[in-house]
Structure formats: C-alpha cells, structure tokens
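Enquirer: Here is what each chain is made of, one letter per residue.
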Amino acid sequence: MAKVLMKGNEAIAEAALRAGANNYFCYPITPQTEVAEYMAKRMPEVGGVFLQGESEVAVGNMIFGAAATGKRVFTTSSSPGISLMQESISYMAGAQLPCVIVNIMRGGPGLGGILPAQSDYFQAVKGGGHGDYRLLVLAPSTVQEAVDLMILSFDLADKYRNPVMMIGDGMIGQMMEAVEFPDKDADPKPPDESWAATGAKDRKPRIIKSLFLDPVKLEENSWLLHEKYERMKKEEVRFELYKVKPENEFMIVSYGTMARICQTAIDELEEEGVSIGLFRPISLFPFPSTQILEEATKENVKALLTVEMSTAQMMEDVVMAVVGNRPVEFYGRCGGIVPTPEEVKEKILEMQKTYSK
Amino acid sequence: MTTKFLDKVKVPADRYEMRLSGSGGQGMIFGSVVLSKAIGIGGDAKNVVQSQTYGPEARGGASKADVVVSANEIYYPKAMKLDFLLAMTQEALDTYYGQLKPDGILLVDTGLVTEFPTKNYYGMELTRMARNDVGHIMVANVIALGAIAAITGLVSKERLTEVVLEHAPRGTEDKNRKAVDLGYAEALKFKK
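The listed protein sequences derive, respectively, from chains P and R.
Under the working numbering, think of the first position of the first sequence as 1, with each following residue one higher.
Under the working numbering, think of the first position of the second sequence as 1, with each following residue one higher.
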C-alpha cells in the first residue's frame with residue numbers, strides 16, 4: 001500500500017482497525033484525543049462500536065466487558081486516565097482477558113502537564129494495579145513502528161490472554177510521519193472462544209472473573225499467570241541495536257522518542273570520534289535484560305548511559321540487567337521537557353572524561 | 001529589502017529544518033501538513049516529520065509548526081537550528097528568529113511585520129496579496145507555500161498544487177490554485 005502522512009494518534013487508531021479491533025471505548029485527554037476523534041469518524045464506517053465513557057474508570061470496565069466476549073477491544077488514554085483504569089486492568093489480568101491499552105504519556109505525577117514524558121514506565125512494567133500480574137509492554141519510537149506494534153499488540157493479547165500496553169510519549173502521538181499499512185487488512189484467525197462469554201445457549205455458562213475466595217484456587221491462578229509471564233520472557237523480547245560495534249566504549253539505553261533523539265546524538269558524537277552505540281528496548285516487559293548484559297560486558301565497554309524523559313525509572317531495570325558488571329549513569333528531563341541531542345552529547349562527553357582516566 | 005537571491009539557495013540533502021509561524025487562524029498548521037505531504041508522499045518523496053505545539057504555547061495566540069526534511073532517516077524529530085523560517089507576524093519573527101541559522105532563509109509577510117532583525121530576508125505582502133489579488137485573506141498561507149516551493153525547490157509547483165487541492169474545502173479550488181501560482185511566481189522574482 002502507498003504511504004500516507006499521519007499523526008501518530010491517527011495512525012494508531014487506523015492500525016487498530018486494520019487489526020480487526022472494532023470495539024473502542026475511551027475518554028478524551030490530551031495528548032491522545034485524536035485517537036478518539038479519528039475513531040468517532042471511522043467506527044461507524046466499519047460497523048464497529050465507539051463509546052465515550054463517563055470517565056476512565058467506566059471505560060476500563062467497558063473494556064473488561066467487551067474483552068470477556070472474546071472480541072478484539074482497545075482503549076487509549078494518557079497518564080492520569082491510565083491511572084484511573086488500573087483497577088480494571090488488574091481485574092482483566094486476573095481474569096485472563098486479552099485487550100490493548102495505549103498510553104500516550106504526559107508529565108506527572110498527579111494531573112501534571114500535557115507535554116511529552118516517559119514517567120509512567122514503572123506503572124506500565126511493574127504493575128500499576130494490585131496483585132501478581134504483568135502487562136506485556138511495547139514502546140514504539142516512530143509513527144511507523146507505532147502502527148506495526150499496534151497490530152502486533154492484538155496478536156500478543158490473544159496469544160497470552162493478557163492485556164497488552166503500548167506506551168508512547170506525547171511526541172509519538174502528536175507528530176506526523178509517512179506510514180505504510182499492511183497491504184491486506186489483518187485477518188485475525190477467529191479468536192479462541194472456548195473461554196469467552198458468547199451466550200450460554202446449549203452449553204454450560206462460563207464464568208469470567210478474578211475472584212477466587214479459595215486460597216488454593218487463587219494461588220493456582222497466580223502461578224498460572226506467572227507461567228505466562230515467564231513464557232513472555234522467553235518468546236517476546238524485542239529490541240533494536242544502533243551502531244553497536246565491538247570497539248564501542250559506551251552504550252546508551254533508551255526507548256521511544258528518547259531513543260531517536262539519542263540516535264542523532266550518536267551520529268554527531270561519531271563525527272567527533274566517540275565510539276558509542278544505542279540499545280533500544282522495544283518490549284519494556286519482557287525487558288531485554290540478558291541482551292543488555294551481553295552487550296554491556298563486551299570488552300571495550302566502559303559504562304552505560306540510560307536516557308529517559310523521567311527521573312530514572314527504566315534505569316533500575318538496566319542496573320539489574322548488568323548486575324554490577326558496568327557502571328550505569330543517567331540523564332533525563334521531565335515535566336514535559338524533551339531533551340535535545342546536544343544535552344545527550346554533553347553528558348557522554350562528560351562521561352568520556354570520567355571513564356578515560 | 002532582500003539581499004539574498006534564489007540562485008544562491010542551497011538545500012542540503014541530509015537534514016532541512018523548516019518552521020511556519022504566525023498566529024492562530026493564519027493556517028500555519030494546515031500549511032505544514034500540506035507541505036509535509038507534498039514533500040513526504042509520492043514519487044520522489046523525501047522523509048519528513050511534522051510536529052506542532054500542542055502545549056501551553058498553542059493555547060495562546062501564537063502558532064507554529066515544524067517540518068523536518070531529509071533524504072535519510074530522521075531521528076531527532078523536531079527542529080533544532082532552522083534552515084527556513086516563515087514569519088507571518090512580528091511576534092513570530094521576534095520569537096523564532098534567534099533559532100534561524102546564520103545562512104538560513106527567512107520569508108516574512110512584510111504587510112504585517114515592520115521591524116526586521118536582519119536585512120537578509122524575502123519579503124512578500126502575503127496577506128495583502130491574498131485579499132487583493134486572490135480575493136480571500138484565508139489563502140495567505142497557501143501563497144506562502146507557493147513561495148516556499150519556489151525558494152527551496154523541495155517540491156514542484158504541480159505536486160504542491162495537487163496536495164493543496166486535496167485539502168482545500170470544496171468551492172475554493174480556484175482561489176487555492178491561484179494562490180499557489182501567485183506565491184510561486186512572485187518568489188521567482190527573487191532570482192537575479
């Protein structure tokens with residue numbers, strides 16, 4: 001298919017339709033409102049369901065209900081809205097329901113601001129809601145990747161019967177780039193409805209719930225979920241390397257928009273003779289820990305730098321990944337301020353002085 | 001008046017950063033979307049990233065949108081040092097001139113801007129031309145797009161016209177076509 005120029009938010013919306021997700025519930029919030037706007041127009045065209053809830057709490061529960069029928073369903077929001085959905089996200093993980101949730105992050109905590117941030121990393125990868133559960137978390141760095149990962153998200157949600165979250169900062173939602181959609185609309189194989197609430201005609205009712213008052217049953221469910229998360233760690237790790245070479249002395253770890261800002265910084269540093277590469281996690285859960293350790297412990301690597309639009313959240317996972325084998329430094333901005341390549345460059349040049357002694 | 005001439009304009013292939021600025025209602029965002037589509041989609045398309053303010057800045061009267069163009073992949077998505085600045089108001093010029101490269105190109109609506117920080121600029125009375133020569137003030141931005149095509153050579157007049165017409169409300173096709181032609185022809189006069 002020919003390329004089209006689209007805003008990230010619109011591209012995410014269109015990608016979901018291509019993936020056959022005809023059920024969308026939302027509550028508008030900057031900087032993701034264009035998804036809702038786009039869906040309000042497109043859903044009637046494809047005969048799908050568009051519903052604006054009275055709050056994000058309601059939306060979360062609508063997602064639960066729709067997901068329980070086995071149909072593809074998704075929502076989009078931004079940080080404070082995602083916080084309001086946490087209860088139902090935990091319930092969906094507990095009840096093993098597939099759905100896709102997109103967080104176009106803005107600065108927090110609290111109502112925060114409306115400009116780009118990556119400060120919901122912990123919320124996305126470490127829980128957010130209560131209980132022993134994980135979300136499969138993906139982070140695109142371009143509008144095209146947002147399209148590709150959005151389509152993949154629905155497949156992964158079905159594969160694991162677990163909520164999948166795609167997180168992008170405000171830039172990803174707001175900027176326009178040329179994108180290409182798959183030639184053919186996704187033809188998702190009819191979902192496995194052996195568990196879904198499809199109407200109990202001529203069969204026994206199926207109960208979809210996250211309540212297990214019998215501790216033995218609840219423990220059983222928790223270990224079953226745990227097994228899925230362990231399987232994700234084996235099968236769903238995704239990352240990209242940029243200019244990672246054996247002679248490199250430093251490695252940046254960064255994701256989303258921040259990663260592409262680092263790519264510009266790396267190009268400029270290369271011209272100044274600094275040998276440095278980028279490790280860009282695409283899946284934030286499962287985190288590419290083994291792969292980071294492998295790259296970090298290459299002979300010439302002196303130190304790592306994590307760059308985030310937050311006050312060092314992913315850094316904790318990077319530190320855990322390298323288990324003390326290399327120093328990990330941090331550079332970040334927050335509150336809606338997007339670092340420039342120049343700032344990243346300065347930090348690396350400073351590190352070069354420190355570690356070349 | 002301007003001391004820069006069209007034949008001296010060089011557009012680098014690796015990264016070209018443009019900003020369209022003015023006040024809300026002057027169609028800067030519309031202009032940036034049309035320009036991005038004209039350059040970034042189609043036969044000899046280059047990579048483009050369009051971004052605009054959506055934050056507190058966008059809530060006031062000022063409006064700006066950036067278009068980054070490259071033959072290569074674009075990593076940093078926003079403009080850093082501007083190669084091209086369109087300023088449709090004095091406020092926009094005062095705010096963004098500092099980010100224009102020393103050899104960057106400045107296009108100004110000289111009907112609305114009276115104080116200039118430099119002698120190096122292309123001046124056109126875009127709003128007056130829209131009102132008097134085309135018949136509607138709304139197409140000042142489209143006249144500017146025509147001029148940008150002529151000055152930078154990043155997109156052909158034909159391709160630009162095509163995209164402008166795709167986006168133009170029904171019934172305004174003639175005015176928009178005329179606006180592109182006018183902007184393009186007037187800017188060509190900057191040739192020695």
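Just so you know, these hints were derived from the structure itself, not from any lab.
Any given hint might turn out to be false.
[What the hints assert, rightly or not] Think about it this way: if two alpha-carbon atoms lie no more than 20 Å apart in a straight line, the pair counts; the simulated SDA-like pairs of lysine to any residue are:
1. R:LYS78 to P:LYS298
2. P:LYS41 to P:VAL57
3. R:LYS81 to P:GLU346
4. P:LYS243 to R:LYS101
5. P:LYS126 to P:LEU156
6. R:LYS81 to P:GLU271
7. R:LYS78 to P:LYS126
8. R:LYS78 to P:PHE239
9. P:LYS3 to R:LYS119
10. P:LYS209 to P:GLU87
11. P:LYS217 to P:LYS233
12. P:LYS298 to P:PRO341
13. P:LYS3 to R:LYS101
14. R:LYS101 to P:PRO341
15. P:LYS126 to P:ARG238
16. R:LYS119 to R:GLN90
17. P:LYS209 to P:LEU225
[To be verified] Computed footprint of chain P on chain R, listed as stretches where at least three residues anywhere in the stretch have a Cβ under 8 Å from a Cβ of chain P:
18. 38-51
19. 77-91
We treat Cβ as the ideally placed atom computed from N, Cα and C, and that holds for glycine.
Enquirer: Okay, which hints does this one fail, numbers in order?
Expert: 1, 2, 4, 7, 8, 9, 11, 12, 13
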